[in-house]
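For reference, the chains in residue letters:
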Amino acid sequence: MKDFALMMIGAALVNNVILARFLGLCSFMGVTTRIDTAAGMGLATTFVITVSSMADWAVQHYLLDAFGLGYLRTVTFILVIASAVQFTELTIKKVSPALFQMLGIYLPLITTNCAVLGVALLLVEGHMSFLNATLFGFASSLGYSLVMVIFAGLRERLALADVPRLFAGPPLGFIVASLLAMAFMGFSGISTG
Amino acid sequence: MTANYKTIVKDGLWDNNGVFSMLLGMCPAMAMTTSATNGFGMGLATAVVMAASSLLVALFRNLITPEVRIPVYILIVAAMVTLVDLAMNAWMHELYKVLGLFIPLIVSNCLPLARLEAFAAKQPVLPSFLDGLFMGLGFTIALTAIGAVREITGNGTLFADASLLLGPAFKAIEMRLLPADTGVLMMILPPGGFLVTGLLVVVKRLLDLRAGKEIQMGGAHSVA
Chain U
1 MKDFALMMIG AALVNNVILA RFLGLCSFMG VTTRIDTAAG MGLATTFVIT
51 VSSMADWAVQ HYLLDAFGLG YLRTVTFILV IASAVQFTEL TIKKVSPALF
101 QMLGIYLPLI TTNCAVLGVA LLLVEGHMSF LNATLFGFAS SLGYSLVMVI
151 FAGLRERLAL ADVPRLFAGP PLGFIVASLL AMAFMGFSGI STG
Chain C
1 MTANYKTIVK DGLWDNNGVF SMLLGMCPAM AMTTSATNGF GMGLATAVVM
51 AASSLLVALF RNLITPEVRI PVYILIVAAM VTLVDLAMNA WMHELYKVLG
101 LFIPLIVSNC LPLARLEAFA AKQPVLPSFL DGLFMGLGFT IALTAIGAVR
151 EITGNGTLFA DASLLLGPAF KAIEMRLLPA DTGVLMMILP PGGFLVTGLL
201 VVVKRLLDLR AGKEIQMGGA HSVA
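Quick note, the sequences are listed as chains U and C, same order.
So that you can map any letter, position 183 of the first sequence is 183 in my numbering, and since no number is skipped, the others follow by simple counting.
So that you can map any letter, position 124 of the second sequence is 124 in my numbering, and since no number is skipped, the others follow by simple counting.
If you are wondering where the hints come from, they were derived from the structure by calculation, not from laboratory data.
Here a beta-carbon is modelled for each residue, glycine too, at the ideal position from N, C-alpha and C.
Each hint should be verified, as a subset may be incorrect.
[What the hints assert, rightly or not] Sample of chain U residues facing chain C (criterion: CB under 7 Å; computed from the structure):
(1) L121
(2) P171
(3) S178
[What the hints assert, rightly or not] Okay, the calculated beta carbon distance ranges per label pair:
(4) A161(U) / M175(C): 23 to 29 Å
(5) L75(C) / D3(U): 36 to 42 Å
(6) V163(U) / R69(C): 37 to 43 Å
(7) N89(C) / P164(U): 43 to 49 Å
[Stated by the list, open to error] Far from chain U by the CB rule (all over 10 Å, computed), these chain C residues:
(8) V48
(9) M88
(10) K122
(11) P124
(12) R176
This is chain C alone, in the form it adopts within the complex:
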C-alpha cells in the first residue's frame, strides 16, 4: 500500500486525532492542560518523540523480529524521551519544571506505541516520519484546545505565562479574556479536565456529523 501523504496529514490532525477520536494518551491530555501554554508544550514534546521514534522504527523495521518488537519499541521510545527530557532540562528549563513528571511518562503514553505498531512497523521511512509528526501535532492541537477551554473558563486568561515558558517571542499571545477573579476554579482542578475532554469529544462528533461524516462511537478500545 502506498501511503497517501494528504491522508496522513488529515488523519493525524483531525480525522483520527489521537485524543478526540482514538482516546489515546489521555493522561497528559488531562494532567498537563491546566493552561493552553502547558498543553502546547506537552504536545510539542510528545510530537518530537513520536516523529523521531516513528522514523527509527521504520528504518529498522526489517531487522526487528515480531516476537521482540514491543520491548524494542519501548526502548526506542524511552531513548527518545530521555533525549527530549535532557534537552528540555537544558534549554527550556521553566517549561521542564512545569511539565515535570509527565515528560518521562511519554514512554508509557499509549499514543506513540500505538502508531509504531499500527503504522511505522509496516511503512517506509518518510510516511512513517510524517505520520509520527502529524499525529504528534494533532495531539498538540488537542492539548492546546483542552488547555485553552480550561484556562479561559477557570482563570479568564489565554496563554498566560507563554513568554516565561516558551520564550520572550511569545509575549504577544498572552491574553486576558475575562476580568480577574471571575473564573470557575473547578475547571483548573482535576474534575474540569475530565469534563472539558468529554465535552470536546462531543464537539468533535458534532462537527464530523455536520460535515456528513460517520461519527466514531467507541474510539480505539485500548486497554493499555
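So here's chain U without its partners, still in its complex pose:
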C-alpha cells in the first residue's frame, strides 16, 4: 500500500508530467486562458490517459511482446490512443452532454497531446504490472490536471496585469511556468517515484 502511495505521489507531483517531464506543453499553453476550460481539459485528459494506459499495457503485453512486434509500438500506440479519444468522446456525449458542449473542439485534439503517448511509453519502459500501470497513468494525469488548473488561475490574473508589450502573452507565461516548476521542485524530497 505504501509503495503504491509513494509511486502515485511520485508520478503526480515529483515527476509532474508538465513541469518535470515536459509533456503536453501545447495544451498547457493553449487551453489555460480560463480556469473552467483548463479543468474540463484536465478531466477529459485524465480519462483518456487512464483508459489508454490500460489499453496500451494490454497491447504491449499480449500483442507486441507476444509476437515480437516491438518495432510497431509507436504506430500501434497512436492508434490505440486515437481510439481511446474517440471512445471518450462518445462516452462524454452520452453521459454528460453539457460537458461535451463545453469541451467541444478540444476533445479530438487530445490524440496529439504528447502527455498521453508519453505516459504510455513511460509505463511500458518501466516494466510495470497492470495495476501499477493503471495507477501510474491515473496519478500522472491527476498531476497534469492540477498544474493545468493552477496555471490557468495564474494566467487569469496575468491577463489583467499591465506588462511590457514585448513580454505580453506566451513569453510571460513561460516565465511564470518556470517559477511554478521551481516550486514543484520542492516536492523532489518526497520520493524518487
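Go by the hints and put chain C onto chain U.
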C-alpha cells in the same frame, strides 16, 4: 497559388519559426535542450521526419479524403518516426540513448502535423518537401539556440560531448566558455527550460521590431 521558394525558406528558418513564432512543438524544445548537442540532434531527427512526411502527404494529397485526413497524417508521421527511430538506434546509438522517449514522441509533436495540414495538404510535392525541410531546420536552430543558452549558463560549456553523440568529426566544436563549477544548475533543470524559452521569444520579438516588422503577439493558438 504558386509557392515562392525564398518565402518558404525564410518562413521556416525565421519569420514563422516553429518554436519562437508559432509556439508549436514545445515539449522537445524544453525537454531535450539541456545541451546544444542534444537540441541539435533532436532538431535534426524532427527535420527528417517533417521533410519525409510532407513529401508523402503532398504526393498522396489527391487520394486522401478530407474526412479521414487526420488519422492518415498521423499514421504517415508515425511510420516516418519509426524509420528514424530504428535508423538512429542502429547508427547513432549514443544520441538515441540520450533522446530516448522523445524520438517516438515526434508523432504527437504538433509542428509536423500543423505543417501537413496547413501546407503539404494543398501544395505540390517540391514546395511541400522544402517547407517540411526548412520548418524542420528552423526547429533545429531554435532547439540548438535554447540548448546553447542553457548549456553555457548552466554548465559553462558549449556542444560538450558532441564527438561522443554526433561522431568524432565534431570534436572541434566542443568548447568550455566558463570555468568549471561556475554554472547555475537551475538552467539545466526544468525551470531553466521554461525561462530560456520565454526569454528567447522576447529576443526574437525584439529583433523583429528592430527590423521594422510587426511582432507576433499570440503565436498560433494551438490547443493540441
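Here's how the hints hold up against the structure:
{"no.": "1", "hint": "L121", "verdict": "6 Å, holds"}
{"no.": "2", "hint": "P171", "verdict": "4 Å, holds"}
{"no.": "3", "hint": "S178", "verdict": "4 Å, holds"}
{"no.": "4", "hint": "A161(U) / M175(C): 23 to 29 Å", "verdict": "40 Å, violated"}
{"no.": "5", "hint": "L75(C) / D3(U): 36 to 42 Å", "verdict": "38 Å, holds"}
{"no.": "6", "hint": "V163(U) / R69(C): 37 to 43 Å", "verdict": "39 Å, holds"}
{"no.": "7", "hint": "N89(C) / P164(U): 43 to 49 Å", "verdict": "46 Å, holds"}
{"no.": "8", "hint": "V48", "verdict": "15 Å, holds"}
{"no.": "9", "hint": "M88", "verdict": "13 Å, holds"}
{"no.": "10", "hint": "K122", "verdict": "20 Å, holds"}
{"no.": "11", "hint": "P124", "verdict": "26 Å, holds"}
{"no.": "12", "hint": "R176", "verdict": "26 Å, holds"}
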